[in-house]
Amino acid sequence: MAKLIMSLDNAVIREVPLDKERVTIGRKAHNDIQVDNLAVSGEHAVVVTILNDSFLEDLGSTNGTLVNGNPVKKHILQTNDVIEVGKYKFKYVADPSAGKTSVADFEKTMVLRGPVPRPGPGGGAPIAGSFGDTQINATTTVTAPSHPPVNGGKPLEKMAAVQILTGPNAGKELELTKSLTTLGKPGVQVAVITRRPHGYFITHVEGGNFPVVNGKALDAQAHQLHDHDVIELAGVKMEFFLKNN
Amino acid sequence: MTTKLGTALEVVTATDPGMVRSHNEDSIAAEKEIGLMVLADGMGGYNAGEVASGIAVAMLTSEVREALGGQQVNAPDDESGMPQAMTLIRESAARANAAIYQTAKSQPQYAGMGTTLVAALFYDNQVAIGHIGDSRLYRLRGDNFEQVTRDHSLLQEQIDSGMISKEQARYSQNKNLVTRAVGIDPEVETEVHSYEVEAGDIYLLCSDGLSDMVVDEDIHATLSMLRSNLPLAAKQLVQMANDNGGRDNISVILVKVLGDYAVPSGWLAKFKAWFG
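Protein chains in written order, with my numbering: chain A, 46 to 290; chain B, 27 to 302.
If you are wondering where the hints come from, they were derived from the structure by calculation, not from laboratory data. Keep in mind that a hint or two might mislead.
To spell it out: a stretch of chain B is covered by chain A in this simulated footprint if at least three of its residues, at any positions, have a beta carbon under 8 Å from a beta carbon of chain A; those stretches are [to be verified]:
1. 199-208
2. 236-248
3. 253-262
4. 265-276
As the structure is a computational prediction, the values presented were derived from the model and not from experiment. Glycine included, C-beta positions come from ideal geometry on N, C-alpha and C.
This is chain B alone, in the form it adopts within the complex (with noise of 0.2 Å):
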């Protein structure tokens, strides 16, 4: 049974192990029915990179999708207000945490494993976003292409206080520096917001591996030209990280918004009702 986001939204995805890597310790998921999209960057020595961001990525997914009972957010707020949908992705995104920490602990292949993660869940014409780390989420709204996260490193701490700016952040040599990750401490805190959406609105979830290799505007070009083609458009954008040198793993996942997927008002109200 097709749900209302399952025709309200177009989702591609693409990973690929770059030019360099010997292997791919990105991971991603895309669960068009209940709205999640899950991109984790993972590292580590080994492929403990790809347990963590494979540990993350199942997580989230297995605890929203049992949160949702297979249907699109549509629990009201909470008393403080939060969307369901925030409170969902922080929840999980913890528990995620604390079990690649604890694997990290038990197993000395893992010590120190850690991961990025960027989590997107589309409800009632919204989205929520949560993310740790550099992986990004923009947002292409007509000819505005906007980078909606902020990184958790530290090029973006030193363009904040105004050390550089973002056009000398492409020399550095600090990139890829984090100063938040999934896994590594105890505790950590996602960095969570919602936004409102419109139809027509393409989002892009990806890892480093194509915002490193690919500069902003030839990202912009790619999806605004190639909107009508949405699986070209995430070739396009692997191809040319790797054209570019591919030096990391490189995955993206493409949602487009085709209309409305607004939880039935009259339903809505009427449990929102029963909390007073």
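So here's chain A without its partners, still in its complex pose (with noise of 0.2 Å):
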């Protein structure tokens, strides 16, 4: 079950477990989780739970409240996201075990059966959707890493670029930012350098001829780019390289 752990200056006060629907977060007495300050509003904020998913909601409060420090009206949590209410502070932690046996189960199609769902107005039971019966138990519980949002590349650190050698744009210098950055002439000759997590690729497009790297020209296959290497492309010399190095 996820929870939210509830500090305050540091010091730990005690653990929520979000084991319902709506958990709500404010200074009068009905809330879930009460909390006696005057910067927090009667009803300040309610943590909804469907399935696997906890979003942070506020209520409309005065001085509103803050995820990792960033002031949120809505919010889809993730494991350590800290919520600030007034000087309190809630950490959230995801259930280690939220509906996955395995690594090879993580990212698992699965059907819902019944209805779908909804976060009900006010309180009450969590709603069941059951999980058609489509797969088989793993033999080891392995925790499910907490899934970070999908980039391309990520883990590359340097940066690199090409500077232009040749013709009417010498000395030009294009950083390559995006997974993909296209070069030449389309129509005449196209090559594009994508950017993976191990290095920098050149990998022909289109045209007649292949590009040049070094003074040789390459096959169809993508080619790892090396520190200073020169590309001949169009007729056009570059030179890659690695910036911040």
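Got two chains here, separate frames each, mind docking them using the hints?
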């Protein structure tokens, strides 16, 4: 079960399990988590839990609600997010075994049977959506890692660029910030430089001739680029180099 | 004999188990001559997913091929105005559903198996698209990249009802919960639409092994920049998904429309005239 770890001035007060669909936070006594502090509104915020997701929603409080220092209206919580209500901090910890029994089951498509769980007005028992019996249980239980947002080639720290050496654009520098950068003249000769976790690669895209790197023509395969490689494409020479070396 | 569709379409397919799974439960088929593309992502224990997606793709392909007699779709709309292509997809998907459902019931190791489905049938300068589940079809037209099918998933329902935004959905732990699948119920409804097609359009059918691992912007960039080299584009998409973790099987079908494939109007008009 997911939970909130409530603390004040770095001292942990208690742990609050998110055992129902709506867990309210506020100054008034009826709240699930009562916070006796003038900076906190009567009904300040609510954490709504649907299956494996928990959402934090600010209920129009006077002083607002922060998550990791940023004011939010509605936010889908990830493990270690820190919610701030007044002076109180709530660290969200997701259920480590939430529906996944092994790393291989992670990302497995499952069928949701029964009505789609929706947050009901006010409190109530969690709506149960059961899962179609579409998988066997794996033999080992591994904590599925918190699923970070997906981006192209993130682990690569080294930034790289290409500097044009000849032709009308000589001297211009093109930073290779995106996952893909195409170079050359469409319809004549085009190559693409892809940014991957373990380096930059150049691949021929179109044209009668393959790109030339350090004087040697490439084949159709991708070719890893190294610092100071000189590329020749559509009659123009350019140098590939790593930045912040 | 190459049909008009065979020359009007360029088709490339790729499927990969990814970096985590031991086998590939996606199934794909591309029948350029009749303009049919089918992709299915199976679910179930052991190898049941493979069986379910395999049945779906095989049935769609054989049913449609048989109905068309190896030609492109060329019948007029039926009395209700429904294009034959749409009816064909709907009916063959229904039969695939029945076949998978029955197989699952009769063999305990396949109990509960199911699959998603996305199919595209090109005809008369149009395309009929049917889908069930969260396998997708995207279209790149000029600079516009759009997800054409709307997922049948919990996440999509939450986005539709305003509960979460599309950006927040990327962080959701509830990914991959589909609300509709082939083979898990006695009957299932396929969502089918028909769209006009333009020369230069690029269509991408894919399983969530791609769309969950690669953000739309990167898929767009890949198709846009590599549109002159479709096999490289397909390879690049699979590679990006694997570089980002490859946590599921990855399948893609890319279709580029090179030109016109209208049914000869004289012929069609005569045919239509028979039906008053």
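Legend entry - List of violated hint numbers, smallest to largest: none
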